[in-house]
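2 protein chains.
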Amino acid sequence: MIIGIIGLGLIGGSLAIDLRSQGYSVLGVSRRMQTCETALRLGIVNDASTELRLLAPANLIFICTPISDIQATVIQLLPHLAPTTVLTDVGSVKTSIVKALDPLWPNFVGGHPMAGTAESGIEAAQADLFVNRAYVLTPTAKTPPTALETVAHVVRLLRAKVFFCRPEEHDRAVAWISHLPVVVSAGLIAACQHEADPTILELAQQLASSGFRDTSRVGGGNPQLGVMMARFNREDVLRSLAAYRQHLDQLTTCIEQENWATLEDHLRQTQQARPKFIHE
Amino acid sequence: MIIGIIGLGLIGGSLAIDLRSQGYSVLGVSRRMQTCETALRLGIVNDASTELRLLAPANLIFICTPISDIQATVIQLLPHLAPTTVLTDVGSVKTSIVKALDPLWPNFVGGHPMAGTAESGIEAAQADLFVNRAYVLTPTAKTPPTALETVAHVVRLLRAKVFFCRPEEHDRAVAWISHLPVVVSAGLIAACQHEADPTILELAQQLASSGFRDTSRVGGGNPQLGVMMARFNREDVLRSLAAYRQHLDQLTTCIEQENWATLEDHLRQTQQARPKFIHE
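Top line first, the protein sequences correspond to chains A and B. Per our numbering, the very first residue in the first sequence carries number 1; after that it's consecutive. Per our numbering, the very first residue in the second sequence carries number 1; after that it's consecutive.
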């Protein structure tokens, strides 16, 4: 089987490394010639080009561009495809992408490998990035079972944990555990900058330790990525933010009213609820 | 020099281990006989008792009880002290403690070693817990320089980074980087529980990875500790929460109004601000 990869960044590059080591022939496309040259030099693709037509012989193509470029990329790709070619994407939001691509290409399967790192770009690509990570596939009623099985088979070879759900279920779930944390965490960093007394701000910066480091991590991440999440999953992110604000207000009210027993109940509930979300 | 430690938990026990290995004679007091026996069995104290009078010969005493017990403990301790004995505490809030203890004992120096772990109790005590961690001392105009120098000298032997500031400065700074994150993070866990559809909640729990794990960590911690922070640093925590909510609302408004350029500006600012708080 010949596999095509469009977008040779962290995800696309890491897919290329693993799939080549599985014995597949991997063809890579990047907008930037320099990225193609790097991919060839690193030996993570059999061939690379800035031209989508390179992918004409591919049986399965992973679209690993930024979310905002996926639809336009597919439209340019269509003339080069054989009817049996299976397309899948790696966007962190699914409903809007699946809605846009389902009508364009019957053999499309929405996908989301939940395997980010702080780094990005082909230099950050690594082997086994997807091992034991969740990889969500979001078929619809129209998705051909053979197309779904083709993608699922390859994803299992990456040793990822495969999940199947509807695009809407995926987006609602990741709004809670992936997109809401970014806004919550960014708000924390922004609030600290609010401190008007430079002596206090500097002291806060010096005294900050692991608690602040962890709580602020995703809020200090890639701004474009944060915007994409909010933009393409807007409804679910706003829904999660509304619920979050409600609970934040409840906690604040406990402190205002010195209702310490209720505050302790709330904190005991969060202490008990958290382990269900922690796997490693 | 003879050092007394009241409260042989994570902090008190770890202080005992390091100070004994520095060659000091360490006397430990715990409310629970079993803890005294454990401390003696582990050899982390020279002597231990449930009776405060054991500390009569001590030149320097660390009060390592929960914040809520510090004042009562000192009042019971006073009859046993020589006028030259220096007292210090390890409470994570300083203004209220210093206000309460300054009038009771002239040779008192407020302190806060910023070295917690997920564990607690004497079993969690460990050598070198304070190495390279911040250790804040909060003298007042009334603090005798000799008392401050005595505590600072011992703290430096722990290889902690010593900071000096006013109690009010400490409390305002830690409200931002230590207390606010607990409420922000607890709110995130609580909000996720808000999901009414059990299928979505279960999917969210399964898909949660490092981003959620880190952002939710301090919100899933010890409930009593969270309440103590809010209770004894109430004004500053509420002040930080008010600022936090303002910034959360700004971010939410950007998403509601699809003002993506402004959202990206906010996220770029948080990305640039975070490194100033990160040392390790």
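To be clear, the hints were calculated from the coordinates, so they are not data collected in a lab. Since the model is a prediction, treat every value here as computed from it, not as a measurement. We treat Cβ as the ideally placed atom computed from N, Cα and C, and that holds for glycine. Heads up, some of the hints might be wrong.
What the hints assert, rightly or not - What follows is a set of in silico ranges between Cβ atoms, one per label pair, in the way DEER data are often shown:
#1 B/Arg31 to A/Pro66: 54 to 64 Å
#2 B/Glu119 to A/Pro106: 53 to 63 Å
#3 A/Leu238 to B/Glu51: 19 to 29 Å
Stated by the list, open to error - Short derived list, chain A residues pointing at chain B, Cβ under 7 Å:
#4 Met33
#5 Leu158
#6 Phe164
#7 Ala191
#8 Leu207
#9 Tyr244
#10 Gln257
#11 Trp260
#12 Arg274
Evaluated hints:
1. A beta carbon spacing of about 59 Å between B/Arg31 and A/Pro66 agrees with the range 54 to 64 Å that was offered as a hint.
2. Distance hint check: the CB atoms of B/Glu119 and A/Pro106 are about 55 Å apart, consistent with the given range 53 to 63 Å.
3. The given range of 19 to 29 Å is broken by A/Leu238 and B/Glu51, whose C-beta atoms sit roughly 60 Å from each other.
4. The criterion of a C-beta within 7 Å of any C-beta in chain B is not met by A/Met33, whose closest approach is roughly 28 Å, and the hint is violated.
5. Interface hint at A/Leu158: violated, since its Cβ lies 15 Å from the closest Cβ of chain B, which is beyond the 7 Å cut-off.
6. With a least beta-carbon distance of about 10 Å to chain B, the hint placing A/Phe164 at the interface is violated under the 7 Å criterion.
7. Interface hint at A/Ala191: satisfied, since its Cβ lies 4 Å from the closest Cβ of chain B, which is below the 7 Å cut-off.
8. The interface hint given for A/Leu207 is met, as the beta carbon of that residue sits about 5 Å from the closest beta carbon of chain B, less than 7 Å.
9. Evaluation of the A/Tyr244 hint against chain B yields a held restraint, the C-beta minimum of about 4 Å falling below 7 Å.
10. Checking A/Gln257 against chain B: minimum C-beta separation of about 11 Å lies over 7 Å; hint violated.
11. With 7 Å as the threshold, the beta carbon of A/Trp260 comes within range of chain B, its nearest partner Cβ sitting at about 5 Å, so the hint holds.
12. With a cut of 7 Å, the hint placing A/Arg274 at the interface with chain B holds, because the nearest CB-to-CB distance is about 3 Å.
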